Amino acid sequence: AQKVTQAQTEISVVEKEDVTLDCVYETRDTTYYLFWYKQPPSGELVFLIRRNSFDEQNEISGRYSWNFQKSTSSFNFTITASQVVDSAVYFCALSEARDTGRRALTFGSGTRLQVQP
Amino acid sequence: DGGITQSPKYLFRKEGQNVTLSCEQNLNHDAMYWYRQDPGQGLRLIYYSQIVNDFQKGDIAEGYSVSREKKESFPLTVTSAQKNPTAFYLCASSSILTSTDTQYFGPGTRLTVL
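Residue numbers (my numbering), protein chains in the order written: chain A, 4 to 120; chain B, 20 to 133.
If you're looking for bench data, these hints aren't it; they were derived computationally from the structure. All values reported here derive from a predicted model rather than from experimental measurement. Just so you know, not all the hints are guaranteed correct.
Claimed, not checked - Result set (DMTMM-like, lysine to aspartate or glutamate): computed pairs, CA atoms no more than 25 Å apart in a straight line:
1) A:Lys41 x B:Asp78
2) B:Lys89 x B:Asp49
3) B:Lys76 x A:Glu47
4) A:Lys73 x A:Asp25
5) B:Lys90 x A:Glu47
6) A:Lys6 x A:Glu18
7) A:Lys41 x A:Asp89
8) A:Lys41 x A:Asp21
9) A:Lys6 x A:Glu99
10) B:Lys28 x B:Glu91
11) B:Lys89 x A:Glu47
12) B:Lys102 x B:Asp49
13) A:Lys6 x B:Asp78
14) A:Lys6 x B:Glu81
15) B:Lys89 x B:Asp57
16) A:Lys41 x B:Asp73
17) A:Lys73 x A:Glu47
18) B:Lys89 x B:Glu43
19) A:Lys73 x A:Glu29
20) B:Lys76 x A:Glu29
21) B:Lys33 x B:Asp49
22) B:Lys90 x A:Glu29
23) B:Lys76 x A:Glu20
24) A:Lys19 x A:Asp89
25) A:Lys19 x A:Glu99
26) A:Lys41 x B:Glu81
27) A:Lys19 x A:Asp32
28) A:Lys41 x B:Asp57
29) B:Lys28 x A:Glu20
30) B:Lys76 x A:Asp32
31) B:Lys90 x B:Glu34
32) B:Lys102 x B:Glu91
33) B:Lys28 x A:Asp25
34) A:Lys6 x B:Asp57
35) A:Lys73 x A:Asp21
36) A:Lys41 x A:Asp58
37) B:Lys33 x B:Asp57
38) B:Lys76 x B:Glu91
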């Protein structure tokens, strides 16, 4: 069965610290997509990144970086030099198995990041 | 600007009433989705639609209904049969053509039952 686990419920750091959000997934598909979304206090989910299961290269976008390791079924997200504006709930998500016919996403329970000034 | 709009932002319902949440998108996306989010939890799929005049139940469809008469619109009705409707409701859309399943979300509607 599809499953996404975000074991860290809440993380608190001081501004300028680096922080890593963990994501572990389970799927029976060989082709799938992994996502990270940010949910600020306003509530809207903001798309951050999509990763294809065949592309294990790490990706960096400014202060954000993502580490995809198929061998451990993990897709971790690191924020370097965190800022107060990074405070939000972050969700990891997995595309559903192709044989279900559903093109929905399976979400983890989210990690609340609080960055203190 | 392209995007997804949801209205109202806040909605209060008395027990026994049906209410309808609006979702409109101008991204020309084929697929649309409704998710429910409860405090401290992830998103759970209520209904989804991949084409006009067709929609499918998600994981928690009981007590909800939808329609998809236009490509741009996917309203959700929360019926009196929904036992615990107080939650945050998020609408999303995606392009079937790209096959990447990337979903873009609206700002959400927070429903409270009085």
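Against the structure, the hints:
Our distance criterion of 25 Å between C-alpha atoms is met by Lys41 of chain A and Asp78 of chain B, whose separation comes to about 23 Å. For the given pair, Lys89 of chain B sits about 10 Å from Asp49 of chain B by alpha-carbon distance, which is consistent with the 25 Å threshold. For the hint linking Lys76 of chain B to Glu47 of chain A, the alpha-carbon distance of about 23 Å falls within 25 Å, and the restraint holds. For a cut-off of 25 Å, the pair hint linking Lys73 of chain A to Asp25 of chain A stands: about 14 Å separates their Cα positions.
Under the criterion of a C-alpha separation no larger than 25 Å, the hint pairing Lys90 of chain B with Glu47 of chain A is consistent with the structure, at around 22 Å. Only pairs whose Cα atoms come within 25 Å are accepted, and Lys6 of chain A paired with Glu18 of chain A is rejected, the gap being roughly 32 Å. A hinted pair counts as satisfied when its Cα atoms are at most 25 Å apart, and Lys41 of chain A with Asp89 of chain A qualifies at roughly 9 Å. Under the criterion of a C-alpha separation no larger than 25 Å, the hint pairing Lys41 of chain A with Asp21 of chain A is consistent with the structure, at around 17 Å.
The straight-line distance between the Cα atoms of Lys6 of chain A and Glu99 of chain A is roughly 10 Å, inside the 25 Å bound, and the hint therefore holds. About 19 Å separates the Cα atoms of Lys28 of chain B and Glu91 of chain B, which keeps this hinted pair within 25 Å; it holds. Among the hinted pairs, Lys89 of chain B with Glu47 of chain A is consistent with the structure: their alpha-carbon atoms are about 23 Å apart, no more than 25 Å. Taken as a hint, the Lys102 of chain B and Asp49 of chain B pair is broken in the structure, with Cα atoms around 31 Å apart against an allowance of 25 Å.
Restraint check: the Cα-Cα separation between Lys6 of chain A and Asp78 of chain B comes to about 14 Å, which is no more than 25 Å; the hinted pair holds. About 22 Å separates the Cα atoms of Lys6 of chain A and Glu81 of chain B, which keeps this hinted pair within 25 Å; it holds. For the hint pairing Lys89 of chain B with Asp57 of chain B, the CA-to-CA distance comes to about 29 Å; that exceeds 25 Å, so the pair is violated. Between the alpha carbons of Lys41 of chain A and Asp73 of chain B the distance comes to roughly 30 Å, so the proposed pair goes past 25 Å and is violated.
Taking the CA atoms of Lys73 of chain A and Glu47 of chain A, the gap is near 29 Å; set against the 25 Å cutoff, the hint is violated. A threshold of 25 Å between alpha carbons decides the hint, and for Lys89 of chain B with Glu43 of chain B the separation of about 10 Å falls inside it, so the pair holds. Between Lys73 of chain A and Glu29 of chain A the alpha-carbon distance is near 11 Å, which keeps this suggested pair within the 25 Å criterion. For the hint pairing Lys76 of chain B with Glu29 of chain A, the CA-to-CA distance comes to about 23 Å; that is within 25 Å, so the pair holds.
Only pairs whose Cα atoms come within 25 Å are accepted, and Lys33 of chain B paired with Asp49 of chain B is rejected, the gap being roughly 34 Å. Annotation: proposed proximity of Lys90 of chain B to Glu29 of chain A is violated, straight-line Cα distance about 33 Å (limit 25 Å). Proposed proximity of Lys76 of chain B and Glu20 of chain A is contradicted: the alpha carbons are some 43 Å apart, above 25 Å. At most 25 Å may separate the alpha-carbon atoms for a hinted pair to count; Lys19 of chain A and Asp89 of chain A meet this at roughly 11 Å.
For a cut-off of 25 Å, the pair hint linking Lys19 of chain A to Glu99 of chain A is broken: about 36 Å separates their Cα positions. For a cut-off of 25 Å, the pair hint linking Lys41 of chain A to Glu81 of chain B is broken: about 28 Å separates their Cα positions. At most 25 Å may separate the alpha-carbon atoms for a hinted pair to count; Lys19 of chain A and Asp32 of chain A exceed this at roughly 38 Å. Of the pairs offered as hints, the one joining Lys41 of chain A and Asp57 of chain B holds, with about 16 Å between alpha carbons and a cut-off of 25 Å not exceeded.
The hinted pair formed by Lys28 of chain B and Glu20 of chain A fails the criterion: a straight-line CA distance of about 35 Å is larger than 25 Å. The hinted pair formed by Lys76 of chain B and Asp32 of chain A meets the criterion: a straight-line CA distance of about 22 Å does not exceed 25 Å. Annotation: proposed proximity of Lys90 of chain B to Glu34 of chain B is violated, straight-line Cα distance about 31 Å (limit 25 Å). A distance of roughly 29 Å separates the Cα atoms of Lys102 of chain B and Glu91 of chain B; the hinted pair therefore is violated under the 25 Å criterion.
A distance of roughly 31 Å separates the Cα atoms of Lys28 of chain B and Asp25 of chain A; the hinted pair therefore is violated under the 25 Å criterion. For the given pair, Lys6 of chain A sits about 18 Å from Asp57 of chain B by alpha-carbon distance, which is consistent with the 25 Å threshold. At most 25 Å may separate the alpha-carbon atoms for a hinted pair to count; Lys73 of chain A and Asp21 of chain A meet this at roughly 23 Å. Of the supplied pair hints, the one linking Lys41 of chain A and Asp58 of chain A holds, its CA atoms being roughly 22 Å apart against a limit of 25 Å.
Distance restraint check for Lys33 of chain B and Asp57 of chain B: the Cα-Cα separation of roughly 19 Å lies within the 25 Å cut-off, and the hinted pair is therefore satisfied. Restraint check: the Cα-Cα separation between Lys76 of chain B and Glu91 of chain B comes to about 19 Å, which is no more than 25 Å; the hinted pair holds.
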